[in-house]
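Visitor: Residue numbers (our numbering), protein chains in the order written: chain A, 205 to 581; chain B, 205 to 581.
Derived from the structure by calculation, the hints contain no laboratory data.
Every value quoted in this text rests on a predicted model; they were computed, and no experiment measured them.
One or more of the hints may lead you astray.
No distinction is drawn between identical chains; accordingly, a pair holds when it is met within one copy or between any pair of copies.
[To be verified] The calculated SDA-like cross-link candidates involving lysine to any residue, where the alpha carbons are at most 20 Å apart (straight line), are:
1) 206 / 580
2) 357 / 236
3) 331 / 287
4) 206 / 359
5) 301 / 313
6) 283 / 501
7) 206 / 234
8) 420 / 480
9) 260 / 235
10) 499 / 412
11) 206 / 382
12) 311 / 362
13) 527 / 494
14) 357 / 235
15) 249 / 288
16) 499 / 325
17) 206 / 337
18) 357 / 453
19) 206 / 385
20) 311 / 581
21) 527 / 498
22) 311 / 580
23) 249 / 294
24) 527 / 335
25) 206 / 581
Number of protein chains: 2
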Amino acid sequence: MKSIPLILMGVGGVGCHLLQHIVSCRSLHSQQGLCLRVAGVRDSKSLVIAEDLLNKGFDDSFLLELCRIKSAAGLSLSKLGDFGECRVFEHPESQGKILDIASQLGKTTGLVLVDCSASSDTVEVLKQVVDLGCCVVMANKKPLTSSMEDFEKLFTYPRRIRHESTVGAGLPVIASLNRIISSGDPVNGIIGSLSGTLGYVMSEVEDGKPLSQVVKAAKSLGYTEPDPRDDLGGTDVARKALILARLLGHRINMDNIQIESLYPKEMGPDIMTVEYFLGHGLSLLDKDIQERVEKAALNGNVLRYVCVIEDSRCEVGIQELPKNSPLGRLRGSDNVLEIYTRCYSDQPLVIQGAGAGNDTTAAGVLADIVDLQDLFP
Amino acid sequence: MKSIPLILMGVGGVGCHLLQHIVSCRSLHSQQGLCLRVAGVRDSKSLVIAEDLLNKGFDDSFLLELCRIKSAAGLSLSKLGDFGECRVFEHPESQGKILDIASQLGKTTGLVLVDCSASSDTVEVLKQVVDLGCCVVMANKKPLTSSMEDFEKLFTYPRRIRHESTVGAGLPVIASLNRIISSGDPVNGIIGSLSGTLGYVMSEVEDGKPLSQVVKAAKSLGYTEPDPRDDLGGTDVARKALILARLLGHRINMDNIQIESLYPKEMGPDIMTVEYFLGHGLSLLDKDIQERVEKAALNGNVLRYVCVIEDSRCEVGIQELPKNSPLGRLRGSDNVLEIYTRCYSDQPLVIQGAGAGNDTTAAGVLADIVDLQDLFP
Chain A
205 MKSIPLILMG VGGVGCHLLQ HIVSCRSLHS QQGLCLRVAG VRDSKSLVIA
255 EDLLNKGFDD SFLLELCRIK SAAGLSLSKL GDFGECRVFE HPESQGKILD
305 IASQLGKTTG LVLVDCSASS DTVEVLKQVV DLGCCVVMAN KKPLTSSMED
355 FEKLFTYPRR IRHESTVGAG LPVIASLNRI ISSGDPVNGI IGSLSGTLGY
405 VMSEVEDGKP LSQVVKAAKS LGYTEPDPRD DLGGTDVARK ALILARLLGH
455 RINMDNIQIE SLYPKEMGPD IMTVEYFLGH GLSLLDKDIQ ERVEKAALNG
505 NVLRYVCVIE DSRCEVGIQE LPKNSPLGRL RGSDNVLEIY TRCYSDQPLV
555 IQGAGAGNDT TAAGVLADIV DLQDLFP
Chain B
205 MKSIPLILMG VGGVGCHLLQ HIVSCRSLHS QQGLCLRVAG VRDSKSLVIA
255 EDLLNKGFDD SFLLELCRIK SAAGLSLSKL GDFGECRVFE HPESQGKILD
305 IASQLGKTTG LVLVDCSASS DTVEVLKQVV DLGCCVVMAN KKPLTSSMED
355 FEKLFTYPRR IRHESTVGAG LPVIASLNRI ISSGDPVNGI IGSLSGTLGY
405 VMSEVEDGKP LSQVVKAAKS LGYTEPDPRD DLGGTDVARK ALILARLLGH
455 RINMDNIQIE SLYPKEMGPD IMTVEYFLGH GLSLLDKDIQ ERVEKAALNG
505 NVLRYVCVIE DSRCEVGIQE LPKNSPLGRL RGSDNVLEIY TRCYSDQPLV
555 IQGAGAGNDT TAAGVLADIV DLQDLFP
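Turn these sequences into a full structure, and let the hints guide you.
Guide: Right, dumping it as structure tokens:
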């Protein structure tokens, strides 16, 4: 039986789903001669580690209780100290403790540090565990979208880092792109709709509905962030575009990406509240979008909010695309990625499906962890 | 520098492209600390092995000359004896020689046996090298579609076998399915158009063109086998369906797959020549297909030649599908696969792109080889 110890950072929706998936896959993985051993879990305040972390991880009932405490009860991990079986460390002490464990395990059995947080703060500990011989799996985009130095440091040992769920959740985007790259098939361009929210919005305005109405509907369906401007601004799509561009070898930063925001600066969060934006600001944008939709339709095209990566170009914004292309045919909140290479030159390689959701994001993280198994003794 | 020795069986179009890709990726792979060392190449008559195969492989000029001899000149590998740098073994002696090498390398550096042939005869040597601790990469479907015993034997060590290019050429179908399986996301169903030829044929008859005319056009475009009945019979699609079904855990054989042939037994190759079939037989089938197309259209549907894998069901044939689904929207010769799982339940995960061609098939094989690197010292 091959044993893979891991420490999880971030136990929000994705992290909890990951722990539940690990528990429910026990017998499947055991059939494959694999045991995933959760040795530690960290939230924004504390780190809990298993008593006997060098040999065992938390048992499954502890992991499920941990998820219950975090998701249902909304409590801090430090509450788990009452259950025994674990030791609790508060920040900032927790960071040193993770490095201690990484240093011990990195040289012997190996360790996977899993980042399911949404924080910029994890990049330091991630870089340090890379040096200690550990593997890194990320759903968190932030460590890969900070400086180019951080990115290259994390990729010091490219086989030890996985991050499928940073782009398109569990959709096999990164795995497929890495296969293309390693087979020497040159990528000529990537164009993709990588925001479920903006995919939904653009296909609804195509039907003639006013932008303001569509955004409000998307918000009430739970498709948007609490402040829909977090989606409409395009920054999250730009992060995904940056990760893809860097994988293709572009040595660029967020600053180098041209981002089209669907709302003007004068309607930004520092100027108006989200209520005022939804009640008064947003509808002022309806006419412009409607005119652009109609103009595109005259050319037989539709508008999509996409990332375009091509040569040295990396852009995020509205593009006019043929109605009869994979992106043009997109309806609803699916993500779609078109990859053009020497092998896929006339017609692109297309990957399409749900690109958001805790369940599928966690599934992508779990597949990444399992895929690291050959690096473990 | 990590060195991966390999022996290639089959140097038709795919095998030659693979060797060319290996040569052209030298500097890319070297940057990744990787060296692919071609230690031997086998065609249907002979095996050539590198002089110093334990330490070096053939040099690149030898490999390119080998491709030239095979593809341009159409000669046998035994001609290469004249060039030095290699030893030539004729069949059946070659099989024993491969096992000798596998036995030597399997215990030390490891070895990848790559099957780019289209032969049923390779399964015996493949099974034996698995026992010797070697890895196997296949573009050849036949070893995975013979008996269930052979299949299970080849998968004795699942991490050491890769076969992306057996389904949809280089499209990331197998890699994506394996990720889904290892994350414990249950697959509820797969439906796919896995023949470029039949994809083209079905989208053309949808436009009202007679089947006979479409098949003849496809033949002259080079889309079909020399005898188009090899495509129209559905056996090749059934092989791919069988591979997918077995990956999902179905313990079935080719006999268990219900295959709809687009021509009746009375027009089979043992009854009429290909010329007679194309000149006289085929047009007798036009009316029936046309009526089925029209009937489907009345329901707002289109006809597609697909494989359907669902519960214990595995079928290959014409299905009526919604015009407005990824498969229904398919035009031309692309392959499309829809995978339904817990995570992709309402909308499937869709993978689409060119599913044939020596270049893309060889790219899939190369990505498989590179992906085995963590198993090598």
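Visitor: All hints are to be evaluated individually against the structure, with a verdict given for each.
Guide: Results for each hint:
Both within a single protomer and between protomers do residue 206 and residue 580 lie at most 20 Å apart by alpha-carbon distance, with minima of 7 Å and 17 Å respectively. Taking the shortest alpha-carbon separations for residue 357 and residue 236, only the inter-copy value of 15 Å comes in at or below 20 Å, while the best intra-copy value is 32 Å. Taking the shortest Cα distances, residue 331 and residue 287 never come within 20 Å of each other, neither inside one copy (32 Å) nor across copies (51 Å). In the homo-oligomer, the alpha carbons of residue 206 and residue 359 lie at most 20 Å apart only across protomers (18 Å), although the nearest pairing inside one protomer, at 25 Å, exceeds that limit.
Taking identical chains as interchangeable, the C-alpha atoms of residue 301 and residue 313 lie at most 20 Å apart only when both belong to the same chain, with a minimum of 17 Å there against 38 Å between chains. Neither within a single protomer nor between protomers do residue 283 and residue 501 lie at most 20 Å apart by alpha-carbon distance, with minima of 57 Å and 62 Å respectively. Taking CA atoms no more than 20 Å apart as the test, residue 206 paired with residue 234 passes inside one copy only; the shortest distance there is 9 Å, against 30 Å between copies. Taking the shortest alpha-carbon separations for residue 420 and residue 480, only the intra-copy value of 13 Å comes in at or below 20 Å, while the best inter-copy value is 64 Å.
Taking CA atoms no more than 20 Å apart as the test, residue 260 paired with residue 235 passes inside one copy only; the shortest distance there is 19 Å, against 38 Å between copies. Within a single copy, residue 499 and residue 412 get their C-alpha atoms as close as 12 Å, which meets the 20 Å cut-off; across copies the closest is 33 Å, which misses it. Proximity of residue 206 to residue 382 under the C-alpha cut-off of 20 Å is restricted to the inter-copy arrangement: shortest distance 19 Å between copies versus 26 Å within a copy. In this homomeric assembly, residue 311 and residue 362 come within 20 Å of each other (Cα to Cα) only inside a single copy, at 18 Å, whereas the closest approach across copies is 27 Å.
Taking the shortest Cα distances, residue 527 and residue 494 sit within 20 Å of each other inside one copy (17 Å), while across copies they are farther apart (28 Å). In this assembly of identical chains, residue 357 and residue 235 lie within 20 Å of each other by CA distance solely across copies; the values are 16 Å between and 35 Å within a copy. Taking identical chains as interchangeable, the C-alpha atoms of residue 249 and residue 288 lie at most 20 Å apart only when both belong to the same chain, with a minimum of 19 Å there against 68 Å between chains. Proximity of residue 499 and residue 325 under a CA criterion of 20 Å is satisfied in neither setting, with 44 Å inside one chain copy and 60 Å between copies.
Taking identical chains as interchangeable, the C-alpha atoms of residue 206 and residue 337 lie at most 20 Å apart whether they share a chain (18 Å) or sit on different chains (18 Å). For a Cα distance limit of 20 Å, the shortest separation of residue 357 from residue 453 inside one copy, 14 Å, qualifies, whereas the shortest one across copies, 40 Å, does not. With identical chains, the CA atoms of residue 206 and residue 385 are at most 20 Å apart between copies only, with a shortest distance of 18 Å across copies and 29 Å within one. Both within a single protomer and between protomers do residue 311 and residue 581 lie at most 20 Å apart by alpha-carbon distance, with minima of 11 Å and 17 Å respectively.
When the C-alpha separation of residue 527 and residue 498 is checked against a cutoff of 20 Å, the pair qualifies only within one copy, where the shortest distance is 13 Å, while the shortest distance between copies is 25 Å. Taking CA atoms no more than 20 Å apart as the test, residue 311 paired with residue 580 passes in both settings, with 11 Å inside one copy and 19 Å between copies. With identical chains, the CA atoms of residue 249 and residue 294 are at most 20 Å apart within one copy only, with a shortest distance of 6 Å there and 69 Å across copies. When the C-alpha separation of residue 527 and residue 335 is checked against a cutoff of 20 Å, the pair qualifies neither within a copy, at 48 Å, nor between copies, at 53 Å.
In this assembly of identical chains, the alpha carbons of residue 206 and residue 581 lie at most 20 Å apart whether taken from the same copy (7 Å) or from different copies (18 Å).
In the structure shown, a violation is registered for the earlier hints numbered 3, 6, 16, 24, in ascending order.
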